[in-house]
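Asker: Given next are the chains, with one letter for each unit.
Number of protein chains: 2
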Amino acid sequence: MQRHSQNPVLTARQVPYPATLVFNAGVVYHDGRYVMVFRNDYGRDGDPQFDGTNIGLAISRDGVNWTVEPQPLFALEDVQAAFRDVLRHRYPANWVRRIYDPRLTVIDGRIYMCFAIDTGHGISGGVATTEDFKTFQWLSVSAPDSRNMVLFPRKFGGKYVRLERPFPVYMREDPEAFPIWCGESPDLVHWGHHRPVLGPDEVPFANSKIGPAAPPIETERGWLTSFHAVYKDPNLRLEGWEPQGWFKTYHSGLMLLDKDDPSKVIGMAREPLIMPEADYEVNGFRGSVIFPCGMILEPGGEVKLYYGAADTSVALATAHVDDLLARIEPF
Amino acid sequence: MQRHSQNPVLTARQVPYPATLVFNAGVVYHDGRYVMVFRNDYGRDGDPQFDGTNIGLAISRDGVNWTVEPQPLFALEDVQAAFRDVLRHRYPANWVRRIYDPRLTVIDGRIYMCFAIDTGHGISGGVATTEDFKTFQWLSVSAPDSRNMVLFPRKFGGKYVRLERPFPVYMREDPEAFPIWCGESPDLVHWGHHRPVLGPDEVPFANSKIGPAAPPIETERGWLTSFHAVYKDPNLRLEGWEPQGWFKTYHSGLMLLDKDDPSKVIGMAREPLIMPEADYEVNGFRGSVIFPCGMILEPGGEVKLYYGAADTSVALATAHVDDLLARIEPF
Numbered sequence: 001m002q003r004h005s006q007n008p009v010l011t012a013r014q015v016p017y018p019a020t021l022v023f024n025a026g027v028v029y030h031d032g033r034y035v036m037v038f039r040n041d042y043g044r045d046g047d048p049q050f051d052g053t054n055i056g057l058a059i060s061r062d063g064v065n066w067t068v069e070p071q072p073l074f075a076l077e078d079v080q081a082a083f084r085d086v087l088r089h090r091y092p093a094n095w096v097r098r099i100y101d102p103r104l105t106v107i108d109g110r111i112y113m114c115f116a117i118d119t120g121h122g123i124s125g126g127v128a129t130t131e132d133f134k135t136f137q138w139l140s141v142s143a144p145d146s147r148n149m150v151l152f153p154r155k156f157g158g159k160y161v162r163l164e165r166p167f168p169v170y171m172r173e174d175p176e177a178f179p180i181w182c183g184e185s186p187d188l189v190h191w192g193h194h195r196p197v198l199g200p201d202e203v204p205f206a207n208s209k210i211g212p213a214a215p216p217i218e219t220e221r222g223w224l225t226s227f228h229a230v231y232k233d234p235n236l237r238l239e240g241w242e243p244q245g246w247f248k249t250y251h252s253g254l255m256l257l258d259k260d261d262p263s264k265v266i267g268m269a270r271e272p273l274i275m276p277e278a279d280y281e282v283n284g285f286r287g288s289v290i291f292p293c294g295m296i297l298e299p300g301g302e303v304k305l306y307y308g309a310a311d312t313s314v315a316l317a318t319a320h321v322d323d324l325l326a327r328i329e330p331f
Numbered sequence: 001m002q003r004h005s006q007n008p009v010l011t012a013r014q015v016p017y018p019a020t021l022v023f024n025a026g027v028v029y030h031d032g033r034y035v036m037v038f039r040n041d042y043g044r045d046g047d048p049q050f051d052g053t054n055i056g057l058a059i060s061r062d063g064v065n066w067t068v069e070p071q072p073l074f075a076l077e078d079v080q081a082a083f084r085d086v087l088r089h090r091y092p093a094n095w096v097r098r099i100y101d102p103r104l105t106v107i108d109g110r111i112y113m114c115f116a117i118d119t120g121h122g123i124s125g126g127v128a129t130t131e132d133f134k135t136f137q138w139l140s141v142s143a144p145d146s147r148n149m150v151l152f153p154r155k156f157g158g159k160y161v162r163l164e165r166p167f168p169v170y171m172r173e174d175p176e177a178f179p180i181w182c183g184e185s186p187d188l189v190h191w192g193h194h195r196p197v198l199g200p201d202e203v204p205f206a207n208s209k210i211g212p213a214a215p216p217i218e219t220e221r222g223w224l225t226s227f228h229a230v231y232k233d234p235n236l237r238l239e240g241w242e243p244q245g246w247f248k249t250y251h252s253g254l255m256l257l258d259k260d261d262p263s264k265v266i267g268m269a270r271e272p273l274i275m276p277e278a279d280y281e282v283n284g285f286r287g288s289v290i291f292p293c294g295m296i297l298e299p300g301g302e303v304k305l306y307y308g309a310a311d312t313s314v315a316l317a318t319a320h321v322d323d324l325l326a327r328i329e330p331f
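Those protein sequences? They're chains Z and B, same order as listed. Under full-length UniProt numbering, the letters of the first sequence match residues 1 to 331, in that order. Under full-length UniProt numbering, the letters of the second sequence match residues 1 to 331, in that order.
No wet-lab data here; the hints were simulated from the structure. The reader is advised that the hints may include incorrect statements.
[Claimed, not checked] Below, in silico cross-link-like pairs of lysine-lysine (BS3-like), each with a Cα-Cα straight-line distance of 30 Å or less: (1) Z/K155 with B/K159; (2) B/K159 with Z/K159; (3) Z/K159 with B/K232; (4) B/K134 with B/K155; (5) Z/K264 with Z/K232; (6) B/K155 with Z/K155; (7) B/K155 with B/K232.
[What the hints assert, rightly or not] Quick list of simulated restraints, FRET-style, between CB atoms: (8) B/T129 with Z/D187: 18 to 28 Å; (9) Z/P299 with B/F156: 33 to 43 Å; (10) Z/Q137 with B/R154: 22 to 32 Å; (11) Z/G52 with B/R327: 27 to 37 Å.
[Stated by the list, open to error] Some chain Z residues judged to face chain B by a derived CB distance under 10 Å, without partners named: (12) D118; (13) S124; (14) D145; (15) R154; (16) F156; (17) F178; (18) W191; (19) G192; (20) V197; (21) R237; (22) S263.
Everything numeric in this text was worked out from a predicted model, so none of it was measured. All C-beta atoms in this analysis are idealised placements derived from N, C-alpha and C, irrespective of residue type, glycine included.
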């Protein structure tokens, strides 16, 4: 893939409200413009203590130059009020801590957002829908722990399908070797037919957790699907704020899922799609982290991949879809 | 509660096939007889290494004297074949290791079984249905990790409801402080409206994980619901096989859930319903473990509670429902 010359395409400096780390952005092309929702951890100023997280909205005509809307999508209080209703719970408002890592998918012309939510009981994954990014309908929240949910842009046999990344720790040798699973739903509210898609032991460049990255794009050969893959090396001293040293490299991987059964991996690129090499990927809050959350297939065959770089900014890389497919080997 | 004089009511000696630890049994009254499905860990012979786990079936006319059917419900190979189909996965057969801890609920005259399933990706909870305990229809398997699922015996607004025990570890101070959650389903296949029911920090006699125990029973005041609650004391040296010493006491707790919104706790007994005291509760494979999986409300008001004792046998305790309700304090 080619990194864009204007990288990073979004940084905290472009945000007209308090913003420190601007990364992990879902992107879709919708209604004649590119729409991005990004995670903003604000108030850090180089300090790992931070004030909070919100989600910002940015618009672009070309997918490269972005204008950030004047306000974040919601105030924390709005999120807490929404989930208090959804979860029907009796816990204090601060039981819901934040929502983050949004991914966007357009299905039948409507926008859906998957997200992670931190609560007093752990991490859940959720799905919401909106027409205008002002009013959201909160459709579902999973039991904890799960996150990195991404929706496919069309239905399969009348069912919505999503990939997700549960956090199973029991009965396993490596407590952080988390896999990718898949589920389907008639209504985006009730989810079933959960099944395993890919284990971290099946990825040559991972020795720890993996997870869905951007929502898959449809090609003639199947669903081209990015994922993140973590390689841990305690001997590495990577850039980052963590006082005890940061030693996890997040690569982006690429796999092909069966056109009709998207739980079935039929191909994989044996090498990472991108490895952290550029300055803005290697240096930052958590260095050497590439975390794609948005992938767009242009009519001419160009693929735009938007990824969080070093948990600090949003970067863009491009490739022709045929070149990406050429890297896929049978799985 | 009164322990039954014939306790334990089921031990490995009553099982006509290899059986070592016979415990955690779901029980319902159905078609004029008591029906029990129990977990059987076989081949241990006092050794923590064991050959496997299956599920046995026992029948009783009085709920006290049980006759075990000649064969376990399914061979491991049958379970593996069933889940290979359900999960549509490409992993080897031994990726599915066992199913265990069954609970039974009768809804509209039909028998449903919830169970835990250990796989190469962790622990899932599942739901199946049967008419004859010969043929099972496998309805759903959750993403990992979750278990201790129990179904309510009736629907709420047309939806099935279950309690479950996810294993959230991220973002939490105590990695084993697992809570009780609730979900609902139109068809027992797709599950949604997940919401928190009870955290371990809300149980006076727990300092670690809690989980649903037997399926709830309906009373005039609400759903009388047992749960297990773990109290860890590393200074204790409890009976058991674990070489490093066993120090977890499993109490049974009792709570009352709202009649119309079963995710809402409206009352709780401040003291455990039963604490491990009898010889068969204190001594065994894991001593001081009381783990109810079956609760029956008789027409006269007697409540029968069936519980796994020391992960070794099945015991029975009884009480009048009014006496149990009298122990419930507002929550």
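Asker: If a hint holds in the structure, say so; if it does not, say that too.
Answerer: Hint check:
1. Using a Cα cut-off of 30 Å, the hinted pair Z/K155 and B/K159 holds, with the two alpha carbons roughly 24 Å apart.
2. As the CA atoms of B/K159 and Z/K159 are separated by approximately 19 Å, the hinted pair is consistent with the 30 Å bound.
3. Restraint check for Z/K159 and B/K232: the C-alpha separation of about 44 Å exceeds 30 Å, so the hint is violated.
4. Of the pairs offered as hints, the one joining B/K134 and B/K155 holds, with about 26 Å between alpha carbons and a cut-off of 30 Å not exceeded.
5. For the given pair, Z/K264 sits about 27 Å from Z/K232 by alpha-carbon distance, which is consistent with the 30 Å threshold.
6. Distance hint between B/K155 and Z/K155 is fulfilled; the C-alpha atoms sit about 29 Å from each other, no more than 30 Å.
7. With a CA separation close to 36 Å, the supplied pair B/K155 and B/K232 exceeds the 30 Å bound.
8. Separated by about 22 Å at the C-beta atoms, B/T129 and Z/D187 satisfy the suggested range of 18 to 28 Å.
9. Under the hint 33 to 43 Å, the C-beta atoms of Z/P299 and B/F156, about 48 Å apart, miss the expected range.
10. The hinted range of 22 to 32 Å is satisfied by Z/Q137 and B/R154, whose Cβ atoms lie roughly 29 Å apart.
11. As the Cβ distance of Z/G52 to B/R327 is approximately 43 Å, the hint placing it in 27 to 37 Å is violated.
12. A least Cβ separation of about 5 Å between Z/D118 and chain B falls short of the 10 Å threshold, and the interface hint therefore holds.
13. Using the Cβ-Cβ criterion of 10 Å, the hint placing Z/S124 at the interface with chain B is satisfied: the shortest such distance is roughly 7 Å.
14. With a least beta-carbon distance of about 4 Å to chain B, the hint placing Z/D145 at the interface is held under the 10 Å criterion.
15. With its C-beta approaching chain B no nearer than about 19 Å, Z/R154 sits outside the 10 Å limit, and its interface hint is violated.
16. Because the smallest distance between the Cβ of Z/F156 and any Cβ of chain B comes to about 12 Å, over 10 Å, the interface hint for this residue is violated.
17. Taking 10 Å as the C-beta contact cut-off toward chain B, the hint placing Z/F178 at the interface holds, the least distance being around 9 Å.
18. Given hint, Z/W191 at the interface with chain B, holds; its Cβ is 6 Å from that chain's nearest Cβ, closer than 10 Å.
19. Proximity of Z/G192 to chain B holds as hinted, the smallest CB-CB distance being about 4 Å (cut-off 10 Å).
20. For Z/V197, the shortest C-beta to C-beta distance to chain B is roughly 9 Å, which falls under 10 Å, so the interface hint holds.
21. For Z/R237, the suggested interface contact is broken, since its CB lies about 25 Å from the closest CB of chain B, more than 10 Å.
22. A distance limit of 10 Å between C-beta atoms decides the matter here; for Z/S263 the minimum to chain B is near 6 Å, and the interface restraint holds.
Going down the numbered hints, you'll see the structure goes against 3, 7, 9, 11, 15, 16, 21, while the others check out.
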